[in-house]
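Visitor: Listed below, chain by chain, are the residues.
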Amino acid sequence: MKKEGDVMDETSWLSRWRAEHESQIRSFKLILYTLSRSPLSVVGLSIVAALLIVALIGPLILTHPEDIKGAVHMDLKLKPPSRSYPFGTDEMGRDIYSRVIMGTRLSLQIGLIIVFVAMGIGIPLGIIAGYVGGWVNEVIMRITDIFLSIPGLLLALAIVGVLGPGIKNAMIALSLVWWPGYVRLVQGKTLSLREEAFVESARSIGAGKLRIIFSHILPNCTSPIIVKASMDMGMAILFAANLGFIGVGAQPPEPEWGAMISVGRNYLPDRWWMATFPGLAILFTVLGFNLLGDGLRDVLDPQSRG
Amino acid sequence: MGLSMKRFFVKRLVLMGITLFGLSVVVFSISRIAPGDPARLAAGPDATEEMVEVIRKEFGLDRPLIVQYGLYMKGLLKGDFGRSIRTRHQVWEDIKNYLPATFELVFVSISFATLFGILFGVLSAVYRDRWIDHLIRFFSVTGVAVPMFWLGIMLQLLFSAKLHWLPLGGRLDTMIPPPTPLTRFFLIDSLLSGNWVVLKNGLVHIFLPAFVLSFPALASITRINRAEMLEVLHKDFVLNERAHGLPNRVILFKYALKNALIPTLTMIGLRYGWMLGGTILVETVFDWPGIGYYAVAAAVYSDFQPVMAVTILLGLNFMIANLLVDIGYGYLDPRVRYE
Amino acid sequence: MKKGHWGLIVLAAILMVSFTVSPALFAYEKRDGKKIIVYGERQPAPNIDPSQFYDWSTRMLQQALYDALLKYVGNPPRLIPWLAKSWKKSADGKKWTFELVRNAKFHNGDPVTAHAVKWSFERTLALKKGPAWMLLDFLDKDGIRVIDDYTIEFSLKAPYAAFEMAIPWWYIMNPKVVLANEKAGDMGQEWMKDHSAGSGPFRQKRWEHGVLYELEAVEDYWKGWENPKHVNGVIYKIIRESSSLRMGLEKGELDVVAGLNSEDFDAVAKNPNIYVTNDPGWTTFGIKMNTQKGYTKDINIRKAICYAFDYPSMIKIYNGNAILEDSPFPKGMKGYIPVPNVYRQDMKKAKEYLAKAGYPNGGFELEYVYVQGLEEERQIGLVLLDNLAQLGIKLKMVPLVWPNMVARASKVETSPDLMAVFTTPIMNDPDVVAIQYHKDSWGKYYGSHFYQNEKVWDLIQKARFTADWNVRKSLYEQIQVMIMEDAPEIFGMLYNRRWAFRKHLQGFVFSPMRLTSEIDLYPLYIQD
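Protein chains in written order, with numbering that gives the first Met the number 0: chain A, 0 to 305; chain B, 0 to 338; chain C, 0 to 527.
None of these hints come from the bench; they were simulated from the model.
Any given hint could turn out to be false.
Stated by the list, open to error - DSSO-like cross-link-like pairs, simulated, lysine-lysine; straight-line CA separation at most 30 Å:
1. C:K454 with C:K472
2. C:K127 with C:K443
3. B:K95 with C:K182
4. C:K94 with C:K117
5. A:K167 with C:K410
6. C:K204 with B:K199
7. C:K175 with B:K56
8. C:K84 with C:K70
9. C:K393 with A:K78
10. B:K56 with C:K192
11. A:K78 with C:K395
12. A:K76 with C:K348
13. B:K56 with C:K127
14. C:K192 with B:K73
15. C:K315 with A:K78
16. A:K78 with B:K77
17. C:K117 with C:K156
18. C:K472 with C:K350
19. C:K438 with B:K56
20. C:K395 with A:K76
Using the sequences provided together with the hints, build the complete structure.
Guide: Have a look at this one:
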């Protein structure tokens with residue numbers, strides 16, 4: 000409600016926001032500073048940043064944009080790397096460089112969706128388990144154990160094998176593989192936080208459960224969650240490529256790296272470029288996220304290791 | 000073995016049993032949400048309607064879900080995993096054929112990864128910041144990020160196709176018959192029967208697949224072992240310095256290693272699980288006739304019985320591995336109490 | 000680093016090198032003086048029971064382990080007597096009498112008698128699996144009569160001119176051996192999956208599922224061997240990826256491979272130690288369209304698709320080793336004629352037909368279902384995707400395993416808009432192709448178009464039950480033209496059948512009746 004005499008102009012709003020969030024801004028700056036001290040983390044951060052940029056501006060840096068939409072040029076098939084085709088052409092005469100670039104966007108989307116869905120399922124369940132305790136906790140943790148007892152790729156294979164091939168089903172399968180990790184992480188944190196003094200005091204002054212969860216518990220979980228999420232991004236993309244390689248992930252003509260390697264394999268050893276470049280793309284992407292995750296962990300959550 | 004350890008053991012076994020049961024439910028549910036008609040799959044492309052119905056009855060696919068699950072569990076307890084639609088054999092028969100190959104590969108890989116992981120981790124910690132440390136650190140960082148199947152393909156390309164040093168795939172050359180089956184692990188059987196030709200051939204064939212399969216585990220184990228070694232060494236080195244005595248390298252070393260091994264052991268256990276999943280990829284690339292390949296072929300075929308069986312078996316195997324890891328703690332650190 | 004450490008590393012390096020440097024073993028190995036060849040192929044044969052199952056890998060082994068009354072050889076294919084030394088049919092085409100040779104023996108020494116023949120046919124008919132479909136409509140077990148030990152008579156329920164054409168695929172088994180291994184009344188099905196009871200030129204040796212199957216020549220085979228240098232053993236080795244097949248052949252570890260992609264065939268042909276056989280095949284590739292459901296129900300849309308497709312691209316995919324279909328019947332088959340005005344790419348005409356259908360700018364999506372892992376079908380789909388995009392039609396690529404495709408094709412509601420199908424005629428009679436466009440084939444994979452045209456059906460029925468070839472010939476000409484006009488599928492191509500052999504392995508004879516990579520092992524010999 001606008002009061003008489005209130006001057007609501009831009010600068011005062013910004014400086015007020017700055018003042019309110021001073022500690023957060025400071026810790027963010029501290030994070031960046033600490034990160035920059037570790038050369039590997041810088042590498043990781045730059046790789047991830049580069050990937051994001053490529054994903055965003057992808058369509059602008061393609062040499063043969065029509066090739067990503069499904070255009071085929073049978074006369075140009077299987078040509079080695081050259082000036083106009085930096086990574087060579089594939090079995091349908093398409094430019095591999097363009098497809099690898101678009102694959103970046105696809106892979107990042109896949110990774111983000113998997114991690115977010117896994118978090119969406121795992122975090123609430125973890126909080127419920129940790130906060131409510133008792134038999135609810137037991138049941139949730141047992142179910143989590145069950146899912147964690149199966150090697151991830153095998154579980155994903157079983158689910159996709161049943162749902163049918165396709166990138167959507169692969170994402171569903173991989174989300175189901177990843178959510179238990181978040182439950183474990185959050186449940187442990189919630190359990191220990193529940194007994195903390197500040198939570199006790201909040202409860203004693205009558206704060207509702209939801210309020211306690213959102214203002215006290217969740218914020219304290221964010222650090223390990225962020226660390227885990229960034230490591231998981233890389234791993235999720237790797238697993239998606241694994242499924243793509245087996246043939247149950249992304250389908251043609253999607254430019255998914257794993258699928259491209261699977262096809263390229265048929266043309267070895269003469270046409271080595273088809274399988275090599277997408278593999279390097281996967282390697283760099285996963286490496287970037289791993290390094291970033293490592294760096295973030297050293298900064299945000301140094302007690303946890305391994 | 001103290002009383003607390005026995006109690007721990009029993010409790011863990013019970014827990015394992017519950018988890019296993021839950022696993023069977025989960026796996027069974029997954030297998031039954033399949034679209035398509037599995038009976039028709041089994042009957043084959045030229046089947047008539049009546050032929051399809053015959054198959055449907057034979058596999059029990061016309062009964063309600065609960066009944067199917069009941070039949071399935073009854074069979075499981077007897078060791079009957081059903082019949083594969085694709086190979087038309089009993090699943091346990093197929094698994095009997097394929098399991099040794101996978102476990103030979105996995106055991107070689109995990110041994111390799113553990114041995115060299117610890118070795119490299121120690122080397123890296125002891126010679127900190129020298130060139131060998133940097134080299135090892137480079138590989139351990141990239142090693143986890145490398146796609147296993149791609150690594151396999153690239154190594155095949157280099158060592159097999161271009162250099163002709165190593166074979167492309169399989170467990171043995173075509174012309175070499177497998178050794179007399181005792182354990183069905185080719186390396187052990189050929190050793191036991193003194194068959195050096197087969198032993199050498201088997202080793203040459205297992206080298207690349209095992210290396211590729213162990214690579215990410217090797218990298219992780221190296222990393223964590225190095226980190227733990229460094230922490231312990233640093234702590235105690237400082238302590239010793241303060242005590243004004245010359246640090247006895249050997250004792251320090253043994254003590255540090257033992258302490259570093261505890262978190263390393265956790266990583267080994269974790270990585271073992273990932274390795275079991277990785278067999279799917281490595282067996283496909285190297286034509287290795289194991290259950291990883293069997294599961295992939297079945298999954299692609301919508302043949303659910305084998306996939307369920309493999310999932311449960313490998314899940315069980317992973318649980319046992321974790322149990323062994325926990326027991327390992329007890330020997331490494333007597334302070335650990337079993338609640 | 001301590002000296003000791005270096006020592007260890009050097010030792011390890013020496014060990015590693017000593018392990019890696021090993022001479023490549025050459026196939027066509029002389030083991031105890033016997034010549035064994037290795038055949039590399041992708042597809043395993045988990046069930047070799049002739050009554051239960053057949054596909055190309057399985058049949059190759061069945062043809063080696065078993066005999067049938069007659070056999071197909073050569074190109075153009077001829078039916079020659081095998082277990083039967085002569086045969087005749089009655090004037091009405093309903094009674095067939097076969098006289099058996101006297102000296103045929105099963106592997107265990109038992110003579111091959113008419114009783115064994117009767118039992119084998121009865122078994123296949125009773126189990127209703129494998130090749131049973133070929134004769135189920137025409138033959139009952141009551142119709143099989145043993146006249147004496149070496150004479151057998153078949154009485155068909157209806158006259159069927161092509162009866163003899165199916166005979167080579169009905170292998171004769173030894174009832175004594177099969178029944179001795181029967182379990183719980185299963186007629187020996189469990190045991191026969193990986194064992195045999197045959198009389199053929201080879202017997203089983205090593206049988207390792209998923210790895211290899213080893214066959215050993217029966218030196219005293221009742222029919223004898225044409226060439227004293229014939230192969231003494233064959234190892235059928237399962238190798239799942241193309242590059243392994245190719246490398247194995249180049250290194251000499253494999254003697255013959257099938258299933259390489261076009262690039263690899265071209266590459267190995269240049270190798271002086273390898274030769275590649277190249278024969279026009281009768282396997283047709285067509286993209287069948289569902290004529291009763293969805294957008295493809297409208298003939299204008301089907302014609303638009305037929306005019307949009309870039310046909311020569313298929314030849315490019317095979318690097319020139321294919322010819323375009325210009326008739327629903329394969330070129331070379333009895334009764335084939337080149338149909339005039341066959342569809343070729345013409346975008347203008349395609350757009351006209353699309354407009355006629357009421358979708359001048361497309362705006363809908365179609366499904367293309369193909370065999371998972373089959374490169375050529377995938378590539379053809381991508382070409383079609385590109386072509387249809389120019390009409391504003393989206394194509395969804397759906398890879399499925401073959402049995403799932405067959406399942407979908409079994410009902411008109413689930414049959415795909417577009418389905419990629421390779422079909423090989425197993426008999427040299429136009430009926431076997433024409434029948435695919437008849438109502439009787441609805442629900443089968445080659446009938447996934449659910450084609451409906453009563454006039455064509457009448458002609459097919461007439462031609463089926465007529466004995467006079469001239470009458471049949473003109474009927475089939477009409478049939479081909481009418482089917483083409485209705486455009487139930489994109490009529491694609493016939494690809495050349497190729498195998499890559501090492502120079503020392505000779506004797507291969509191509510027969511278009513054999514499926515995909517199947518070869519007859521009997522005439523092979525080693526040329527030193």
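Visitor: Each hint: holds or not?
Guide: Going through the hints against the structure:
1. C:K454 with C:K472: Since the Cα atoms of K454 (chain C) and K472 (chain C) sit roughly 17 Å apart, the hinted pair holds (cutoff 30 Å).
2. C:K127 with C:K443: Given that 30 Å is the threshold and the Cα spacing comes to 16 Å, the pair holds.
3. B:K95 with C:K182: At roughly 21 Å apart (the allowed maximum being 30 Å), K182 (chain C) and K95 (chain B) satisfy the hint.
4. C:K94 with C:K117: 15 Å, holds
5. A:K167 with C:K410: 26 Å, holds
6. C:K204 with B:K199: The given pair, whose Cα atoms are some 25 Å apart, holds under the 30 Å limit.
7. C:K175 with B:K56: 29 Å, holds
8. C:K84 with C:K70: Since the Cα atoms of K84 (chain C) and K70 (chain C) sit roughly 11 Å apart, the hinted pair holds (cutoff 30 Å).
9. C:K393 with A:K78: 28 Å, holds
10. B:K56 with C:K192: With Cα atoms ~20 Å apart, K56 (chain B) and K192 (chain C) stay inside 30 Å; holds.
11. A:K78 with C:K395: Status holds; Cα separation ~27 Å.
12. A:K76 with C:K348: Since the Cα atoms of K76 (chain A) and K348 (chain C) sit roughly 28 Å apart, the hinted pair holds (cutoff 30 Å).
13. B:K56 with C:K127: 15 Å, holds
14. C:K192 with B:K73: Holds, because 26 Å separates the two Cα atoms, which is no more than 30 Å.
15. C:K315 with A:K78: It holds: about 15 Å lies between the C-alpha atoms, which stays within 30 Å.
16. A:K78 with B:K77: Distance of about 57 Å is beyond 30 Å: violated.
17. C:K117 with C:K156: Holds: K117 (chain C) and K156 (chain C) sit about 17 Å apart, inside 30 Å.
18. C:K472 with C:K350: 36 Å, violated
19. C:K438 with B:K56: 28 Å, holds
20. C:K395 with A:K76: 23 Å, holds
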